[in-house]
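Protein chains in written order, with the numbering used here: chain A, 91 to 503; chain B, 91 to 503.
Accuracy of the hints is not assured; some may be wrong.
Copies of one chain are not kept apart here, so a pair can be met inside one copy or by any two copies together.
What the hints assert, rightly or not - Lysine-lysine pairs mimicking DSS-like chemistry, simulated, CA-CA at most 27 Å apart:
#, residue 1, residue 2
1, K112, K265
2, K315, K112
3, K181, K315
4, K404, K265
Don't read these hints as lab results, they were simulated from the structure.
Number of protein chains: 2
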Amino acid sequence: MDLSDLRVNGERLRASLEEMAKIGATPGGGVQRLTLSDEDKRARDLFVGRLEEIDLEVTVDEMGNIFGRRPGKNDELPPVFSGSHIDSQPKGGRFDGILGVMGALEVMRTLHENNVQTERPVLIVDWTNEEGSRFAPAMVASGVWAGKLDRDWAYSRTDRDGKVFGEELERIGYKGSAPAKAWPFHAYYELHIEQGPVLESIGKTIGIPKGILCLHWYDVYIEGKANQVGPTPMEGRNDALCAAAEMILAVQSVPARMGGNMVATVGEIQNYPNSRNIIPDGVHFTVDIRSWDDHLAINAWEQLKIDFQAAAGKNGCPIRFEETWRVEHTPFAEKLVGLLAQKAEALGYSSHHMVSGAGHDASYMNMLGDAAMIFIPSIGGRSHVEVENSTWEDCESGANVLLHCMIESANEV
Amino acid sequence: MDLSDLRVNGERLRASLEEMAKIGATPGGGVQRLTLSDEDKRARDLFVGRLEEIDLEVTVDEMGNIFGRRPGKNDELPPVFSGSHIDSQPKGGRFDGILGVMGALEVMRTLHENNVQTERPVLIVDWTNEEGSRFAPAMVASGVWAGKLDRDWAYSRTDRDGKVFGEELERIGYKGSAPAKAWPFHAYYELHIEQGPVLESIGKTIGIPKGILCLHWYDVYIEGKANQVGPTPMEGRNDALCAAAEMILAVQSVPARMGGNMVATVGEIQNYPNSRNIIPDGVHFTVDIRSWDDHLAINAWEQLKIDFQAAAGKNGCPIRFEETWRVEHTPFAEKLVGLLAQKAEALGYSSHHMVSGAGHDASYMNMLGDAAMIFIPSIGGRSHVEVENSTWEDCESGANVLLHCMIESANEV
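Looking at chain A on its own, in the form it has when it is part of the complex (with noise of 0.2 Å):
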């Protein structure tokens, strides 16, 4: 056959996406199924014996990262791989994740059933907590393959009940013992849903990120002076929340302040004695700023703590700051970007560049190798909630794009 001809199978993609959306299903459409738990067991079970059925040679490795492989013409050429992870946010969504996992699956399948011999080998990945939810941080696996995290720390992490990640890794049976370290590869591609609006809102079918934001995360603290609000005129007060207000919205009108290519918000704040009738006298809030441009952003956090040191001053509150953590942007491999565009635009879907707000595992391969991402839209831009969704028609044409692209680089000798 002409390989060009070659499809996923589309119902087969919607039933194992559905099949896999049972596991931890809420009650409100969505999906809970946290690193390491019992539902994450049961889907690694199930997506375990998916890749046997279809010859794969599975391995565990020591992070409970599992693989399948399968074997090329050129056995020992660097593999193409893909993959994405099965664990989700609690009350998350049925594709965060899944969708990259399922779609790599299907891409196997069809592979398999059509007797595809590649020139490289082809492997399916599923990283372990991605997420990052019940053990912090997010993406720990994919580090520790990529050695960039040290295997023993995150052994060592533990969640709110005091349960630690690597007794939880042994006790559902996932603790393999391959090594957690990279091999060289020759590309690695990972298809997600794009958990924002923008594709949906312009009508495109395929996302081609040329790469993911910096991330600078910050942590403000502001001291107050409580009193009884009764009788403690306006005049003179040092309100804590008052001040934190006012840094707030300046955290949201610094984007368009700095000329726009930029996100930041405000998502947490902690507001102490938190009393109605007492005047605050301490609030802690994060900053959260991504953009493409680093000097851009940490020209944005230059202006704000400007704007909070005035904010401060306004009300008597002394401030503290913390710079917590700074991640560069990656863009990721030209070639493999390219790649993608081509076989959207050969496969006749619409597509649109652009880049990720969020981490991904790809950003841990894209530091070891070439490394690209295929993006559908979110209906409504809504994720990380139950009501996070994407049509079946989108999730096949990815499916496709990542299947041509993996075919294409497999051959590449």
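With the hints as your guide, set chain B onto chain A.
For chain B alone, kept in the frame of chain A given last:
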């Protein structure tokens, strides 16, 4: 002797305040004497002993209110009485409440040692659970005594550990047999720290509140849309915390916008899901408005509703209000307010007419008969905190004003 020469013993008043400050003393220099706790019991036992030393007739009523009675020449006439509360906030100060009890005790001791016979009987009172910080609401036992709250409902109140008010009252041995039921009185006085910065800032010794401000409590609920912050552009977000920030600033500015005489505060806020990288989809915050002018306070709320709707509309976040509690302002008896000013002047103390921003047991007394309060300066305006402080001289001055007002009222026939 000429009664106008009579003065309290400032050293003795200081000693009794210092003695009480040891019971529940905190490392930070404050006091934690929660109502019906072991500390409250020890302080009550000490107090009752002091009443018996000067031959007062002690009565404990079924709410645990402690009365000490000194007969009048015309003992059937409605008495004059004064007091406040022994209980404190968690990590509260050494003056809030206890000054009014020890001040009245010092008045009784002065009358006793000088063999002053008043026409009317004179009483001292300790009201149970003024603070309401262990068992809500505040001022519960004076409220029951005044017939405004139900005794059995008060008994059924529980603290955070599930302990029950009625059982705790019995446990510490202060569930008395006298009915908690108001009897006619001629005048009620309450000496208290100001709990605000006004007297200190204008350099006056005695504050004479014309009454207690109205108190309006509201609850505001904002609904946003949760999304991953990275992939969601600023345009089109529905960020409930940004909407709340605008509303908090509207509350801060509303007193000035309404022309002054008012305080408005957001003391409490909850943000959901309160995660660093998720756009907030729900905020609840409280609004506390106080003014001498009930209509002005209601107009301020009407203005705030317009401001809130505007901020909600701008951020695309539906909003919901609850009008939780409204208490009208309460003017004290003009006759007593005038007498206070006259006695302060006669004693050579500077004084200032003002209002009380906080509620007190005097609020309930004021519903039944003539009541008034005497304020002394709070250093730095601080209260409900361990650093709460007042000078011993000001305590003595306040007690002298209380002494002469009580004598004058108690000799009216």
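Hints versus structure:
1. Taking the closest pair of Cα atoms, K112 and K265 come within 27 Å of each other only inside a single copy of the chain (24 Å); across copies the shortest separation is 59 Å, beyond that limit.
2. For the homomeric pair K315 and K112, the shortest alpha-carbon distance between copies (25 Å) is at most 27 Å, but the shortest distance inside one copy (51 Å) is not.
3. Taking identical chains as interchangeable, the C-alpha atoms of K181 and K315 lie at most 27 Å apart only when they sit on different chains, with a minimum of 15 Å there against 38 Å within one chain.
4. In the homo-oligomer, the alpha carbons of K404 and K265 never lie at most 27 Å apart, since the shortest distance is 55 Å inside one protomer and 51 Å across protomers.
Hint check: a violation occurs at hint 4 only; the rest are consistent with the structure.
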